[in-house]
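For the protein sequence lines, the chains are A and B, in the order given.
Residue 121 in my numbering is what sits at position 121 of the first sequence, and the numbering runs on without skipping anything.
Residue 162 in my numbering is what sits at position 162 of the second sequence, and the numbering runs on without skipping anything.
In short, the hints are calculated from the structure, not lab data.
Predicted model, so just to flag it, every value in this text is computed and none were measured.
A portion of the hints provided could be inaccurate.
Pair by pair, the computed Cβ-Cβ distance ranges are [as the list claims (entries may be wrong)]:
(1) B:V44 to A:D422: 29 to 39 angstroms
(2) B:V82 to A:N18: 26 to 36 angstroms
(3) B:Q198 to A:D468: 28 to 38 angstroms
(4) B:A178 to A:N18: 18 to 28 angstroms
(5) B:L88 to A:R220: 49 to 59 angstroms
(6) B:Q72 to A:P122: 31 to 41 angstroms
(7) A:E85 to B:V262: 25 to 35 angstroms
(8) B:Q198 to A:T80: 17 to 27 angstroms
(9) B:V262 to A:R220: 56 to 66 angstroms
(10) A:D468 to B:G101: 48 to 58 angstroms
Positions of the beta carbon are idealized from the N, C-alpha and C atoms, including for glycine.
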Amino acid sequence: MRVTIALAAVLLAAGCNNSVTPTEQLPPATPASTDANAGQWQMLVLSSATQIPVGPPTDAASDAYKAELASIKQAQAGLTDAQRETIAYWSGGAVLRWNQILREQVARFNLPPAPKPDGTYPAPSAANPFADPQFPFSNPPYAARAYSYVTVAQFEALKAAWAYKYQYNRPSPSKVDSGIQALMPAGDLPAYPSEDAVLSGVNEVLLKLLFPAAVDDINRLVGEQRTAILLGGKAAPSDIDAGVALGKAVAAVFQARAASDGMRSAIGTPAQWAAFVTATQARGEIPWQSLDSPSRPPMLPFFGQVKTWAMTPTDIVAERPQPPPSTSSEEMRQELADVKAGVANATREQVAIANKWSDGAGTYTPPGHWNDIAAEYVRDAHWSEVRAARAFALINMSLHDSAVGCWETKYFYYNPRPTNLDKSLKTSIGLPNFPSYTSGHSTFSAAAASVLGYLFPGDAAAFTAMSDEAGMSRFYSGIHYKADVQGGHDHGVRIAAYTIKFARGDGAN
Amino acid sequence: MRVSRTIRVSVAGLAAFLATALPAAAQLVDDSLMVERKALFGAVVYGHDSWDRYWEGTLERDNENVGTLTTQSVTWVANYGVLPRLNLIAALPYVSTEASGGTLQKQSGLQDLTLAAKYQVFDRGSFHGFATVAAGLPVSDYVFDVLPVAIGLHSKQLSGRFLLNYRRESGLFAEATAAYTFRSNVHLDRPAYYTDGQLVLSDEVEMSDVFDYTVRAGYRGRKLMAPVYYAQQRTLGGGDIRRQDLAFVSNKMNFSRVGAMVVYALPRPTNLAVRVEAARILDGRNVGKTTTVMAGLQYTLHF
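With the rest of the complex left out, here is chain B (with noise of 0.2 angstroms):
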């Protein structure tokens, strides 16, 4: 088995008031990776994010009455060979958060089904391109309204992403790559609602899109693959968490991260991959000042 095959999940995006434009499993289609065609690719991820600092809009700080937030999820991951430039993936995370502070109720449940196609648009030399469209679907009616220990923000999301990737043949690689998430309006329990300076007296709640990109450099070779990467989000709109009031499903969730992983590829038995990873959000708006840790093992089914 070549880890060039395997597929990598990045699961960063449980970040923070579960921040990011796709949560979870989605930014698997944010790599160069591709599995060959009547290929399936499967993978269980476990992720671990905490955070005991937040950013009040832009200031930093704790709160006891949250104490530590701890994000725990499982990830299911598939991707499928369709032709050999085209993959189609599918990803499901179940997701629990409890904090360690005050009286909220810890929250769980499936959160957002991630369907993406993935195709290869050019190859030249060491230049490799990507184009992605994937589109996240909440699977359950969860209560997002309570953040921050909502599970996700239950908007539908669909994002459009390109890749430029350039490897040697050493097996050193860089690449970048960014995207821009519309998200659907989302509906609240409640029938008025405060946020931006306005009392908006609706339930429906304007959802700004999200821009991100990463950047990411390693090396990539038969058995083990390692990159560093450095990401940012930004909410293209939304306000900021009042002073000493709780988040909202559409403030503006900005923020940093770095972050590294580690996939090997199992001497035994075949088409088994162990991978790790670990993130720490280094600065943020209306986010959590979240550390990552990820672990998960990859399987390659030949059909």
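Bound-form chain A, shown alone (with noise of 0.2 angstroms):
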């Protein structure tokens, strides 16, 4: 009999596999201010918030207008289930919306090309991103440039988006004529240029260029926000078109500025990676070597040279950290040591801190996970999708300027991986294939903290505690020296610094 009940129990426990309820819901999004002077905050890439001319909507009292007021009442009236499911998807912030789903194109993008039968690896190419290898492998500093190309963006397309909205006035369509329902919150925002259809089209350009395999998905996604927000009484077909037009024209200026940032030249030729050796070996020192089987080239070993969004060339050269131990010395001894013995008696806990923050291939990647981090404090900000877009653009642009200089340390030492060093020496994650020194986790983490806790100063110390956690998960793991990880730290709060100095003066506080 107590057999029977035990399995009876263990039926309930099995049985309960139900599908998972994912965590960061989206309630609709209830913005507690306008931020109605967001068209006069800071520009970064844009020169003006006018720079983009969008032109007068028509008038209220218009024929046009009260025919498209009419459309809008017409769609309402015979609304589907899967069209109540559209609008309450794109309800919970547009701004987070996308940021999910960026988030699901890096970890879906993010694996290597599988080797050739004549052991060497195919680049993945742009022109024909849906072959094996399939565009992009979007590795760390792919993710972190593109989860930074389309955040800043989205953040200068609003600013513009609310210069006009300010200047224009025209209310929601829900607002203007009471037979249409508020079936999306609108708040008291001016409806004119609609500020989901601003990032529907900055999204529909910069997903495409990203991840040009994904189209299908964007072109799906896209086409069910516009309809959501027309449908919601949100926004008028005119306040859409205006919006797209304006976020489409914005981001051609960003596909513009990532034609020419240097991420062509990042992934270099062989001679180069040969180069990498010789001069590290010419300075007495053991150089780093590809451990994946067959060897693989370094990951994009110039991204060190492409384009910052807050610091110049010169502050990447100026805050490199400094050398590591040499490779012959007995400090470096005794940091191998510490990682063989740190891995070899690491706890259960420390293991699952390794996994926690693995991040590796398929996942998306470490500038993912404090994207990931930071959208829940965002969403429960309540803040107007204008300043919602402001956090994503500066920690994503202190995660970027992290991936440049992180890879230019890295490529400048060139420094072996402990299991490098020592062949006996196994792994508890996948080992990445690029140099040690210094930790990119560590980096990514600490300026991400950093503007974190600058954005969210009650929470600062809880940032940081998870930063320090990130850090020395790739040491419980074998794959960094306690040197990667302090140097890595303590650049990622320097790198960082100028982007929250960009912040302090941009006229948001």
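Relying on the hints, combine the two individually framed chains into one complex.
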């Protein structure tokens, strides 16, 4: 009988394998403030909020606008369940929703090319994104850049939208005509041009640029978002058209920047890869070596030359960490012994920390992890869309600049991993395919935690604790020395200071 | 001692990426052998699984960063005859894995405890029917999000199985068995993961249920038992391993396998039997192309 009861209990437990409810739910967004002056906040890339012209909307009394309102009323009369779901999906704040979508695309494309039978690796090609290997390989530097382009462009486009919104002051359809239901919260924000449509325009252009093989998903999502804001009574067709046009035009400015930001040269050539080895040996140091089998070219060795957001190339060199201990030094022998003991004696809790922050192939990467952390704080702050966009822009500026600074450092020193110096050393997570010093995780995490601490001062200690844990996770897993972790952490803090300096003076405080 | 009273422990469940519904000795529940009332049978079985090729989705490939994956296990099994028609079974494997290539650490630990109740439903002439309920419970906090070196999938499992056996006086027999296994969701150490075309913002992973069946035929006599078998497992959901991605706990792990075993009762000491088994995965999806060999000792105690 007891056995029967025990088995029944297990049946109940095992039977509960229903679908998973994701965290980071986005209930209808209700901003506490509209941030009416955001059109005056400082620009980063655009020359001014009105660099892209947006003409005035048609008069509220015009027949054309009345016809638009009538079309909304008619559409609302026959809403399907699927349409109501789409409205609900896009009601939680489009900045947050597009951030989730961006993280998904990064995870989807974050896979290295498989080796060819001859032991070489094919390079992903933007001209042929659906091939094997798919394009892109959205590894951490690629991802950091992608997150930053999308979020900074969104921020710039929304500041421009805010300038026009308060210049033209056209209310949302449900405020103009009481026969139109406000199925999506619109607040008191003027509707022209639609901020949601601006975001759909930015994402349509930039996601297709960064993730061209996701074109079908992107087309579906932008279409659904535009439908949702119309059916939700939040924006009229002319609000949407103006928003999409503005968003696309701003995105085009960023597309042009991306074409000449140095990313195209970041992969390098076989001759350049070999030069890293000889230069390191010439300094009397043991060079890093790929431990992938077959040996894989180093990940984006010239990413350190890619254009940054808040720093100049001079700043990047000036902030480069001091050299790591020499590979022949007693200090390095001790560092290596510490790693070996650390990974061999790691507690289950430390292994869990290593797994929690692993963020390797097939994931949204460390920059994505920090977007994930930020999202719930931004949601719970009940900010306007433009202020939410500012938060993600600042975080991702610092993450991109960290990627550039950290990669510049990694390839300047070309320092070997612990597993290079001791072939018997095994790791608890996958080994990244680039030099050791400094730790990318530590740099990213310290930078993001600094910016988050600036945005949410009351939670600064929690962000610091997460950042420290992320850094140490690389030591626990056996892939980094403590010197990498400490050097990366300090570097990340210094890099974030440039972004925070911009933020303090951008007029949003 | 009659061989027909020994317990046959099929540890073929350790195949592949730990792919089977009830790994390791859980499959002792899938045979037609019953222990008499008040008898206790025990067995200790060593298993050795290895593969150097696997299926990435449906693409068969090798991977120098894994090299050859070897899984070794020692499984302790007990079966007690509560009633002439009711047996209670328990099994617990200690598992260790190691990849010859790449830098990933080897893993080891106690895996999942199996508890099962087997009941002989009918006995009509040459036909015998059995029903089994079995539960699988992870007994340690082993790391499962490190496939392919994980020692298990860490999902709680509950399966219902039916078996139909046909046996002739000559000792020739044939049988077929099928089971449906419910699996509980599992929780990762990380807050998000991508699988089956979706980024899931949760540490919780939905584990699809599993269906498996085996057909078996051979000889079963007083001193010797020697069947061959063919088995299939189907995971009723889950995604494929993407190109050059790592395997994931909820992947659709399917395979078909053939195997053969011999159990031989030693003349002395009485009540002791040796067993050997070999199996090979023929075709699969998101699993290793595994070759299994096993050897064990079985003993009987009468109270």
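Okay, the hints, checked on the actual structure:
1. B:V44 to A:D422: 29 to 39 angstroms: holds (37 angstroms)
2. B:V82 to A:N18: 26 to 36 angstroms: Hint holds: Cβ distance 34 angstroms, inside 26 to 36 angstroms.
3. B:Q198 to A:D468: 28 to 38 angstroms: Holds - the Cβ-Cβ distance for Q198 (chain B) and D468 (chain A), about 31 angstroms, lies within 28 to 38 angstroms.
4. B:A178 to A:N18: 18 to 28 angstroms: Holds - the Cβ-Cβ distance for A178 (chain B) and N18 (chain A), about 24 angstroms, lies within 18 to 28 angstroms.
5. B:L88 to A:R220: 49 to 59 angstroms: holds (54 angstroms)
6. B:Q72 to A:P122: 31 to 41 angstroms: holds (37 angstroms)
7. A:E85 to B:V262: 25 to 35 angstroms: violated (59 angstroms)
8. B:Q198 to A:T80: 17 to 27 angstroms: At roughly 24 angstroms between Cβ atoms, T80 (chain A) and Q198 (chain B) fall inside 17 to 27 angstroms, so the hint holds.
9. B:V262 to A:R220: 56 to 66 angstroms: holds (58 angstroms)
10. A:D468 to B:G101: 48 to 58 angstroms: violated (33 angstroms)
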